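*Asks:* Residue numbers (the working numbering), protein chains in the order written: chain V, 1 to 185; chain C, 1001 to 1185.
Since the hints were derived computationally from the structure, they do not count as laboratory data.
A portion of the hints provided could be inaccurate.
Claimed, not checked - Cut-off 27 Å, straight-line C-alpha distance, at most; resulting in silico cross-link-like pairs (BS3-like, lysine-lysine):
#, chain 1, residue 1, chain 2, residue 2
1, V, 30, V, 55
2, C, 1055, V, 126
3, C, 1126, C, 1055
4, C, 1126, V, 55
5, V, 126, V, 55
6, C, 1126, C, 1030
Keep in mind it's a predicted model, so treat the numbers as computed, not measured.
There are 2 protein chains.
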Amino acid sequence: MTPASVPLPQAYRLLNHGPVVLVSAAHQGKRNVMAAAWNMPLDFDPPKVTVVIDKNTYTRELVDASGQFALNLPCRAQAETVLAVGSDSGRDAAQDKFARFQLDTFAAAAIEVPLLQGCVAWLECKVIPEPHTQQRYDLFIGEAVAAWADARVFADGRWNFDGNDDLRTLHYIAGGAFFATGAPI
Amino acid sequence: MTPASVPLPQAYRLLNHGPVVLVSAAHQGKRNVMAAAWNMPLDFDPPKVTVVIDKNTYTRELVDASGQFALNLPCRAQAETVLAVGSDSGRDAAQDKFARFQLDTFAAAAIEVPLLQGCVAWLECKVIPEPHTQQRYDLFIGEAVAAWADARVFADGRWNFDGNDDLRTLHYIAGGAFFATGAPI
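The whole structure should be built from the sequences, with the hints applied where relevant.
*Replies:* Structure, rendered in C-alpha cells:
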C-alpha cells in the first residue's frame, strides 16, 4: 500500500472523528513512538492540530529538541501494537520501540520523523512554539505540513471503512480497551 | 432517566474516545448551544478539557462573559439535533436554539448553564483563563467541576453500548455525516 497524499485543507478530516494516534518523533538519530488519545484538530487551513505529550515521555524530549512530530493513525489490526507502545518507555531500552516491536517505518516527506507502516493515515507536523501551554499543560500545537492516507479507507476527503474492518480506526477508552470506528450515519 | 454522578477522576473517560459534543453556555438570561467535534481531555485529576469555540459564535460570547460551559455528549438518536444546532446561529434569532429545536434542559449542579436532556453524558466546566490561546486559537481550557452520565451506557467508569444502539455516542466526520461509536476491542 502506497500512502496517497491528502490535500492539506482536508487534513483535519483525518482526526475529526476522534481516533487515537501514535505520535512519532526523532532527533539526532534517536527516535520514539507513543500512543495519544488526547489529540484533536485545531484549524482547517493551514491545518493545525493539538496533542498532549507528557513531560515524562521520551517522545517529549525528542519533540522539544526537534520541533517536529508525526501523528500516525493506527487501525484495528494494530490494536496490540498501540497498547505495547503505549505502556512502555523508549528512554532507557537497549533497542528503540520500533526495533523492539518490529515496527516498519517509512520516511516522511516534509519532516525528519519516521512514519509507521500499517497505519491508515499520517499527519506530518511542525510545532508552533507555545512555551506556556507546552510547559503548563503538556499541550502541543502543530501545523500539519503534509498528510497521507491509505486510499482503501480514505479518499476524496472521506473515510469509508465498509469492507475493511481491519482498517477501521481506533478510539481509546481506558484500561487497554478500544472502540472501533462504527457505522456511518 | 436520572443522570448518575461520575466521580471526577473518571470524567476524562467520557471524552477519551473522541465523541462530538454540544457546548452549552448561558449568561444573564441568554443561553445557547453549539456542536464541537474539536474537544479532548487535557488532564485526569482534577479533570481538565479543551474545546475549540470559534470567535464568531454566540456561544463564545456567553462563555467569554460567564467563564463557564458544559459539554453535553449527544447520542445516535440525536444526530439530527446535532446537525441542526451545529448549522444555525443563536445570536439574532427571536427564539433561542433550545426553544426553536424544542430541546429540553435541566439545571447543572455546579455552574449556571443548561444541560441537554437526552444526551448520555455531561461535563460541567469552568474556564481556566488562558487569554492568549483563547484569542489566537479559539482554544478554551476548562476544569470539569461536575460530571454526569446515563447509567444505561456508562457505569463504573466504563462505556458499554451493548443493547443500546440509539444511545451510542457520535463521532463527527464532515458534511453532515457521523460515525457511531463502534464495536469494543
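*Asks:* Does each hint fit the structure? Answer for all of them.
*Replies:* Right, here's what the structure says about each hint:
1. V:30 / V:55: OK: residue 30 of chain V and residue 55 of chain V at ~17 Å, within 27 Å.
2. C:1055 / V:126: 25 Å, holds
3. C:1126 / C:1055: Within the cut-off at roughly 18 Å; holds.
4. C:1126 / V:55: 25 Å, holds
5. V:126 / V:55: 18 Å, holds
6. C:1126 / C:1030: 18 Å, holds
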